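**Student:** Heads up: the protein sequence lines correspond to chains A and B, in order.
Sequence positions in the first sequence follow the working numbering and run 1 to 204.
Sequence positions in the second sequence follow the working numbering and run 1 to 300.
Hint data in this document are derived by calculation from the structure and do not stem from the laboratory.
You may find that some hints are simply not true.
[As the list claims (entries may be wrong)] Straight-line Cα separation of at most 27 Å, DSS-like style, residue types lysine-lysine; simulated pairs: (1) Lys94(A) - Lys206(B); (2) Lys95(A) - Lys69(B); (3) Lys290(B) - Lys264(B); (4) Lys71(A) - Lys186(B); (5) Lys95(A) - Lys70(A); (6) Lys288(B) - Lys48(A); (7) Lys92(A) - Lys206(B); (8) Lys95(A) - Lys192(B); (9) Lys94(A) - Lys33(B); (10) Lys206(B) - Lys71(A); (11) Lys119(A) - Lys288(B); (12) Lys290(B) - Lys119(A); (13) Lys34(B) - Lys119(A); (14) Lys70(A) - Lys288(B).
[Said to hold, decoys possible] If we take Cβ atoms under 8 Å as the criterion, some of the chain A residues that face chain B in the derived model are: (15) Trp18; (16) Cys41; (17) Tyr53; (18) Gln77; (19) Gly80; (20) Gln85; (21) Ala86; (22) Asn88; (23) Glu99; (24) Trp164; (25) Lys165.
Treat the numbers as computed from the prediction; the structure is a model and nothing was measured.
Here a beta-carbon is modelled for each residue, glycine too, at the ideal position from N, C-alpha and C.
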Amino acid sequence: MRLEAKQVGFRYQGVTPWILKDVDFVLESGQRIALVGPSGCGKSTLAKLLAGYLEPAEGQILLDGKPLPKKEYCPAQMIGQHPEQAVNPRWKLKKTLTECWSPDEDLLAAMGIEDEWLKRWPSELSGGELQRFCIARVLGPATKFLVCDEISTMLDVITQAQIWKLVLRIAKERQLGLVVVTHNMALAEKVCDQIVALPDINKR
Amino acid sequence: MREQASAVKERGAATGSDLMKEPRTLGPRMNTKKKLILYVSLAGGYLLAVMIAGLFMEPELYGVNYENKFLLPSLAHPFGTDFMGRDMFWRSVKGLSNSILIGLAASAVSSIIALIFGILSAAAGGKTDRVINWCVDCCMGLPHIVLLLLISYMMGGGGLGVSVAVAVTHWPELTRLVRAEALQVKNAQYVKAAYKMGRSPFQVAKEHIVPHVLPVYLVGLVLLFPHAIMHEAALTFLGFGFPAGVPAIGGILSEAMEHIVTGKWWLCLFPGLMLLIAVMLFDLIGDKLKMLLNPGSGNE
Chain A
1 MRLEAKQVGF RYQGVTPWIL KDVDFVLESG QRIALVGPSG CGKSTLAKLL
51 AGYLEPAEGQ ILLDGKPLPK KEYCPAQMIG QHPEQAVNPR WKLKKTLTEC
101 WSPDEDLLAA MGIEDEWLKR WPSELSGGEL QRFCIARVLG PATKFLVCDE
151 ISTMLDVITQ AQIWKLVLRI AKERQLGLVV VTHNMALAEK VCDQIVALPD
201 INKR
Chain B
1 MREQASAVKE RGAATGSDLM KEPRTLGPRM NTKKKLILYV SLAGGYLLAV
51 MIAGLFMEPE LYGVNYENKF LLPSLAHPFG TDFMGRDMFW RSVKGLSNSI
101 LIGLAASAVS SIIALIFGIL SAAAGGKTDR VINWCVDCCM GLPHIVLLLL
151 ISYMMGGGGL GVSVAVAVTH WPELTRLVRA EALQVKNAQY VKAAYKMGRS
201 PFQVAKEHIV PHVLPVYLVG LVLLFPHAIM HEAALTFLGF GFPAGVPAIG
251 GILSEAMEHI VTGKWWLCLF PGLMLLIAVM LFDLIGDKLK MLLNPGSGNE
């Protein structure tokens, strides 16, 4: 499959300056691309566009030539940098984890998710622990692309290594396409097979 | 504080499957959750008992009896009697029961208005939002008691006037609360993520939005009661509410004012206390419910 941004432009309503303009970006299944650039250059915006969280003001986001589905499960899933905002504070984590599919024991063990955590509320876990849930819940079979927006920034290096190892393993097994938004060049080089500097493709 | 600390310690000590079971209690001490439930049910039970007692009371119990004028509180008449020899205890119970009924009606009507306006305002946004906010500001800008007097007077006073006045003026604060909560959850990342995971708007509303707005709404609803009851009493006290024949706490208190200079202290003390206790109990129920429904403190 192929996830593609075609001549995409984005700005917040009205006449505010363009954040993204005429951006072309292509991601094939099994490909891993790092998206780098200085703060405020639109990395997260492009990530949100690719996962369908925002609508482009110009151009299109295409999945195999078709627009992203609006109603059913979106094959391009985003993982954000604030896991505590991405889980419902009123749900026990088991419910959050199984919102769209049921991860098996092996996956949970590999992610380092302990059984006991499933019975807790999000306020009773740390950011790093919550992030594992956010990742595990979108690793369902219907996911074809993962858009990772600074997903490991809040974790200690050991956990970072664990989580990336697992994400990479699953990405390889299932031929997932990966977009990795990061400021960490070492991580980008280690994890991805291609590095794209957003300012180079953004013609704003 | 000690309770909290011990609750935290208990939670820390419980591991694995232990966590979901009843938290271990040390000796006779209850955990906060059970205590809250006990408080709420006791307070609710008392108020319900007063309401039902008033509803099914024989009018003779607080009937006129000129032989027993101005009796001091005694075993036969725990709250004494008034200038017509009416038993103040039963009159107070009946009056409070009327107040609670009005409070119930007011809370029901006001909270439904608030729910509709709040959700509409958050969901529709734009012009609808602005119009509703303007209405809220208008109502909150007017002194509440003046608005109550106007509406009650316009409706011709009496039981109907006071019920309508109290029922249709208590929605603005709750509307704001509901709107804020609905807006917050609508824009929350986990709601957007749920849509991306293919959940339907109905599922999102049922699973995410309603559970988020409901606690605030329920607590707001309960906290409306004391306001409504106090306003009903105030209106009757000022002479715009129930007619003199109907027992109502406000009316009882305004009558008692005439006799307080002659030393008939029991006429205002006991009914006043009953009103105060009822209001405080509603307040307590609201507060404790808030703690129970909040995930941050619900597990303690």
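**Student:** Holds or violated: is the Cβ of Trp164(A) closer than 8 Å to a Cβ in chain B?
**Tutor:** With a minimum Cβ separation of about 21 Å from chain B (threshold 8 Å), the hint on Trp164(A) is violated.
**Student:** Does Lys264(B) lie within 27 Å of Lys290(B) when you go C-alpha to C-alpha?
**Tutor:** violated (41 Å)
**Student:** Does the alpha-carbon distance linking Lys94(A) and Lys206(B) stay inside the 27 Å limit?
**Tutor:** Judged against 27 Å, a Cα distance of about 18 Å means the pair holds.
**Student:** Are Tyr53(A) and chain B close enough, Cβ to Cβ, to be under 8 Å, as the hint says?
**Tutor:** Cβ of Tyr53(A) sits 6 Å from chain B, so the hint holds.
**Student:** Taken at face value, is the distance from the CA of Lys33(B) to the CA of Lys94(A) at most 27 Å?
**Tutor:** Status holds; Cα separation ~22 Å.
**Student:** Need the status of pair Lys95(A), Lys69(B): alpha-carbon distance at most 27 Å?
**Tutor:** Judged against 27 Å, a Cα distance of about 67 Å means the pair is violated.
**Student:** Regarding the pair Lys290(B) and Lys119(A), is the alpha-carbon distance no greater than 27 Å?
**Tutor:** holds (22 Å)
**Student:** Measuring from the C-beta of Glu99(A) to each C-beta in chain B, is the shortest one below 8 Å?
**Tutor:** Given a least distance of 6 Å, the restraint on Glu99(A) holds.
**Student:** When the nearest CB of chain B is found for Trp18(A), is that gap smaller than 8 Å?
**Tutor:** violated (23 Å)
**Student:** How about Asn88(A): closest beta carbon in chain B under 8 Å, or not?
**Tutor:** Because about 5 Å separates Asn88(A) from the closest Cβ in chain B, which is inside the 8 Å limit, the hint holds.
**Student:** Are the Cα atoms of Lys206(B) and Lys71(A) separated by 27 Å or less?
**Tutor:** holds (17 Å)
**Student:** Holds or violated: Lys92(A) and Lys206(B), Cα atoms, limit 27 Å.
**Tutor:** holds (16 Å)
Hint compliance for this structure: hints 2, 3, 6, 14, 15, 16, 24 and 25 are broken, all remaining hints hold.
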